[in-house]
Amino acid sequence: MREYLLYVKVGDEAAHVYVTPCFAVDQTYWRERDGCRLHVIGKSPSLALAFYLRGVLNARLQGRDVGEEDIAAMREWALEHVREANALYGREARDMQPLRGEWFLFERAGEDAGDADGRQADEGEDADAGREAPFGPGAPFPAGALPDLRADSERLHLLLQGRALLLEELDGFLHRRGWTGSLRRECLQWLVLDGKAEWRPGIELFVRWDWWRRRLAMRCGRCGSERGIALTLCHTCGQGCAYCTTCLDMGRSKCCTPYLCVPGKRTRFRKDSAAAVLQWEGRYSPMQAAAAERARRFVAASKPGPSAFLMWAVCGAGKTELLFPAIRETLADGGPVLIATPRKDVVLELAPRLQRVFPAARVIAVHGSSREKWEDADITVATTHQVMRYYQRFPLVVLDEADAFPYHNNPVLYRAVSRAVQPGGKTLYLSATPPRYLRKRLVPSAFRFPAHSATHVLLPGRYHGFPLPVPRVCTVAALDKRMRQGRPVPPLLDGVKASLAAGRQVFVFVPRVEDVPRVLQYLQARLPDHANAMAGVHAADPEREQKVRLFRDKRHAVMVTTTILERGVTIPRSDVIVVGADAPVFDEASLVQIAGRVGRSADAPEGTVLFIQSHRSTAPYAAIRQIRRMNRLAERLRKKEAPSCCGSRV
Amino acid sequence: MLREPCVSCGGRVASREREAAVRRLSLTIARSARYPAVYRLLDGLGLCADCLRLLPILGERICIQCGRDMGGRTPSLLSDRQKCGDCASVRDEPLAGNRGLLVYNEWGKDMLSRFKYRGDERMAGLFAALLALAFYRYYGSIRFRCAAAVPLHDNRLRERGFNQVELMVSGLGKRIGVEVVPLLARTRHTPKLSRQGGRTARQESMRGAFEWVGPVSCRKREPDIVGDGGGSDVRERGGTLLWWRRIGSAFLGRRLMAPDAILLVDDIYTTGSTLRACAETIRGQVGHGCRVYSLTVFR
Chain A
1 MREYLLYVKV GDEAAHVYVT PCFAVDQTYW RERDGCRLHV IGKSPSLALA FYLRGVLNAR
61 LQGRDVGEED IAAMREWALE HVREANALYG REARDMQPLR GEWFLFERAG EDAGDADGRQ
121 ADEGEDADAG REAPFGPGAP FPAGALPDLR ADSERLHLLL QGRALLLEEL DGFLHRRGWT
181 GSLRRECLQW LVLDGKAEWR PGIELFVRWD WWRRRLAMRC GRCGSERGIA LTLCHTCGQG
241 CAYCTTCLDM GRSKCCTPYL CVPGKRTRFR KDSAAAVLQW EGRYSPMQAA AAERARRFVA
301 ASKPGPSAFL MWAVCGAGKT ELLFPAIRET LADGGPVLIA TPRKDVVLEL APRLQRVFPA
361 ARVIAVHGSS REKWEDADIT VATTHQVMRY YQRFPLVVLD EADAFPYHNN PVLYRAVSRA
421 VQPGGKTLYL SATPPRYLRK RLVPSAFRFP AHSATHVLLP GRYHGFPLPV PRVCTVAALD
481 KRMRQGRPVP PLLDGVKASL AAGRQVFVFV PRVEDVPRVL QYLQARLPDH ANAMAGVHAA
541 DPEREQKVRL FRDKRHAVMV TTTILERGVT IPRSDVIVVG ADAPVFDEAS LVQIAGRVGR
601 SADAPEGTVL FIQSHRSTAP YAAIRQIRRM NRLAERLRKK EAPSCCGSRV
Chain B
1001 MLREPCVSCG GRVASREREA AVRRLSLTIA RSARYPAVYR LLDGLGLCAD CLRLLPILGE
1061 RICIQCGRDM GGRTPSLLSD RQKCGDCASV RDEPLAGNRG LLVYNEWGKD MLSRFKYRGD
1121 ERMAGLFAAL LALAFYRYYG SIRFRCAAAV PLHDNRLRER GFNQVELMVS GLGKRIGVEV
1181 VPLLARTRHT PKLSRQGGRT ARQESMRGAF EWVGPVSCRK REPDIVGDGG GSDVRERGGT
1241 LLWWRRIGSA FLGRRLMAPD AILLVDDIYT TGSTLRACAE TIRGQVGHGC RVYSLTVFR
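Order-wise, the sequence lines are chains A and B. Residue numbers for the first sequence follow our numbering, beginning at 1 and rising by one. Residue numbers for the second sequence follow our numbering, beginning at 1001 and rising by one.
It is possible that some hints are incorrect.
Listed below are the simulated DSSO-like cross-link pairs for lysine-lysine, each with C-alpha atoms no more than 27 Å apart in a straight line [stated by the list, open to error]:
{"id": "1", "chain 1": "B", "residue 1": "K1109", "chain 2": "B", "residue 2": "K1174"}
{"id": "2", "chain 1": "A", "residue 1": "K373", "chain 2": "A", "residue 2": "K344"}
{"id": "3", "chain 1": "A", "residue 1": "K547", "chain 2": "A", "residue 2": "K497"}
{"id": "4", "chain 1": "B", "residue 1": "K1109", "chain 2": "B", "residue 2": "K1083"}
{"id": "5", "chain 1": "A", "residue 1": "K373", "chain 2": "B", "residue 2": "K1174"}
{"id": "6", "chain 1": "A", "residue 1": "K497", "chain 2": "A", "residue 2": "K481"}
{"id": "7", "chain 1": "A", "residue 1": "K344", "chain 2": "B", "residue 2": "K1116"}
{"id": "8", "chain 1": "A", "residue 1": "K196", "chain 2": "A", "residue 2": "K373"}
{"id": "9", "chain 1": "A", "residue 1": "K497", "chain 2": "A", "residue 2": "K440"}
{"id": "10", "chain 1": "B", "residue 1": "K1083", "chain 2": "B", "residue 2": "K1174"}
{"id": "11", "chain 1": "A", "residue 1": "K373", "chain 2": "B", "residue 2": "K1083"}
{"id": "12", "chain 1": "A", "residue 1": "K196", "chain 2": "A", "residue 2": "K265"}
{"id": "13", "chain 1": "B", "residue 1": "K1109", "chain 2": "A", "residue 2": "K547"}
{"id": "14", "chain 1": "A", "residue 1": "K344", "chain 2": "A", "residue 2": "K554"}
{"id": "15", "chain 1": "A", "residue 1": "K344", "chain 2": "B", "residue 2": "K1109"}
Because the hints were derived from the structure by calculation, they are not lab data. Computed from a predicted model, the values in this text were never measured in an experiment.
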């Protein structure tokens, strides 16, 4: 079990409290700085408690001068806070028994330490501050090993730059990267003292005022969430402990697990980076060219520019291609690029595509089970959760489908993305249906839909230049009951029949997983001729990928699906019917995305979209309004642009 | 409770089909007298209707020693009390018997690894309830003196932070009203069983890996191990049970009512070498008159 020592550094600068797992390193480090004296306050096996005390004591010090009597007072304060934390934790964990009598153990530096202080003051020997510690490794680090320590910590710093790892992950990471140094803990502490790294407990403790009493609050240091933290009887530290259930899939973040964040190196600003070679034969439409140029300019702008940019492009506008100039610009500056996207299949599809376009750059795909997870690369394509493992690493982060499921209303993931950006770096949001909070932040006037501004560009037309198909709405009273009883629902049946007769494929979207088999059976019973060419799919379906592949291969003509196929799937000649469009899952953005499945290819740009609802609801009409508005804007732009080509004035 | 998403698939728990699924499962598991308890356990399981339906419950025909599923729907009267090939070859069996509830398939692997390796301690409730179901299915008529978990070695415990079996047992004890007492400690740090190959290798590595740490009162064959009555709920229930037990033994004689059986709990029975080593250690201390039954979630 580890123990963490709490000490206060008194010197020329303001007094400050530090936490260390190996005091010898701190002594050595501060010995090199003149006029520093270290006074031990105490030690605890609980990392979270040590950091809590550090925060409290630093707040109480507030940079004033510290004398001998203050040190004794600080020890008293520390003890008071430990008592309080014990009582508060005990109240939260009523049905658990502490393993060692108390929830948090804290050993205050003893009274004899006072003598040591006095003696030391007489001798005037600042460096031997360790002698005052009645416990712990008294001697500073052996001078002979010091050069090694420095060299090793330099190497470690190079390896760890731009990463945020739990200590357990760190072991695996260093093992994989062939790290051989033995003084890992000491090197890390050296980096922390040098200000090159930060560390904190996986779960941080606080004491807050509730509305009528004080309460223990906890926050996950990694994902930042305060809810979903579960108390646990931890045998690792034997202290009061807790773990975060929100980011559990990424490894347990606990009170006793140190979490290390190492900021990445700054961009080097060399314009001749070899990785920045773009080999792409495709061509932009005038509208696309203007948008891509705006994104590139945003990325290339000097530091005090806007730090976030929204690329609002309708479904089927060719968003990925629009990124190429911006990525090239960043690579030319020597900076790595991160593309975060919600789904693993998109990662797997996007990485090879980017590799083809940027042949000289190293592109890696990072997802939960990827082998390249710990590598360094020029372009990193990652799933959203993996972004949590990066820390101030990328000068450019692209957030694909910023409104999609894991991001939407999820502050944890937005926080993860903003942490992966270097200070002064840029974030580029891509979305067809940006949520309100993104629009409010980045689109200057939400009513008039300006085509571009310093922080956004709107691309209302598809790459092939045809307008988006506008959905139709049908209201069928008691839709659910009708289908349960097997009575005909004419709009649905006629729609499916017409599409099948025209040789087109049909998506039938339903709101819930339970509806998939029901609607499928209904359709099969009602349209027996095509019963074999129908399939249903939902997120947990084990044959999901196979079914989608068969649908792509036109082996299935009708696909009944939940919202999982709402994005990322392109079927050339297809129509869409939404059954139960009034259900709350189908909000405006979702319906716009669904309508965007239709008419994506240049040779079949038309198709029908039908929303069937049982009550009148707002979302379908709002979606139609949005689609119409986009079409109008595209039309206006096209008229403006028609005479000149590739102009930057849009 | 039902507002929470399904523990296994994250879907909606409350649905119309769920009640029927719970009822059907209760009927497969419960003998008539235990039906209410089993129903309540299944109802509070936190799984949705689909996951409940897919629960890989062991069949009716099992090996009477290790509880393995022997296939076949209904037990024929002649071949009913059979041992499987593995158990038939074991001599000097220290375990009086083992019973599990579920077949160890992909679902089980996934759930157990989420609990054990990923450290989702919220799953302890689910596993405790599954153990309680197995208990009511097979051991409902046996009176147990106490229940104990298979221990982890200190190093492993420190690495993992918790003993998954201990969490399960404490939940089980609350549900079935049996006192949970730590009886054993692991003295040898054996490599992970799943990393070891072969049955004999496992048995070899397990020999003498456990040590008795239980209370002295357990050694004497007094039923009175509930030292300090009072405090938590469980203890009180244990106390009432003991009181009834004493009355019972006054009428029926010690042979029938004296609880000289100990319940040993683990998460999974693979070859049984761990449980056998534990049982040997316990019987060495408590005496050979004591029968050690084991209960696992997966078999």
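Here's how the hints hold up against the structure:
For the suggested pair B:K1109 and B:K1174, the alpha carbons sit about 26 Å apart, so the restraint of at most 27 Å is met. Between A:K373 and A:K344 the CA atoms are separated by roughly 13 Å; this keeps the pair inside 27 Å, and the hint holds. Between A:K547 and A:K497, the direct Cα distance comes to roughly 21 Å. Compliance with the 27 Å bound is thereby established for this hinted pair. Taking the CA atoms of B:K1109 and B:K1083, the gap is near 26 Å; set against the 27 Å cutoff, the hint holds.
At roughly 43 Å between alpha-carbon atoms, A:K373 and B:K1174 are farther apart than 27 Å, so this suggested pair is violated. For the suggested pair A:K497 and A:K481, the alpha carbons sit about 22 Å apart, so the restraint of at most 27 Å is met. For a cut-off of 27 Å, the pair hint linking A:K344 to B:K1116 stands: about 25 Å separates their Cα positions. The hinted pair formed by A:K196 and A:K373 meets the criterion: a straight-line CA distance of about 23 Å does not exceed 27 Å.
Annotation: proposed proximity of A:K497 to A:K440 is violated, straight-line Cα distance about 43 Å (limit 27 Å). With a C-alpha separation of about 32 Å, the suggested pair B:K1083 and B:K1174 falls outside the 27 Å cut-off, and the hint is violated. Only pairs whose Cα atoms come within 27 Å are accepted, and A:K373 paired with B:K1083 is rejected, the gap being roughly 49 Å. Of the pairs offered as hints, the one joining A:K196 and A:K265 holds, with about 10 Å between alpha carbons and a cut-off of 27 Å not exceeded.
With a C-alpha separation of about 26 Å, the suggested pairing of B:K1109 with A:K547 holds against the 27 Å cut-off. Using a Cα cut-off of 27 Å, the hinted pair A:K344 and A:K554 holds, with the two alpha carbons roughly 24 Å apart. The hinted pair formed by A:K344 and B:K1109 meets the criterion: a straight-line CA distance of about 23 Å does not exceed 27 Å.
The structure shown violates the earlier hints numbered 5, 9, 10, 11.
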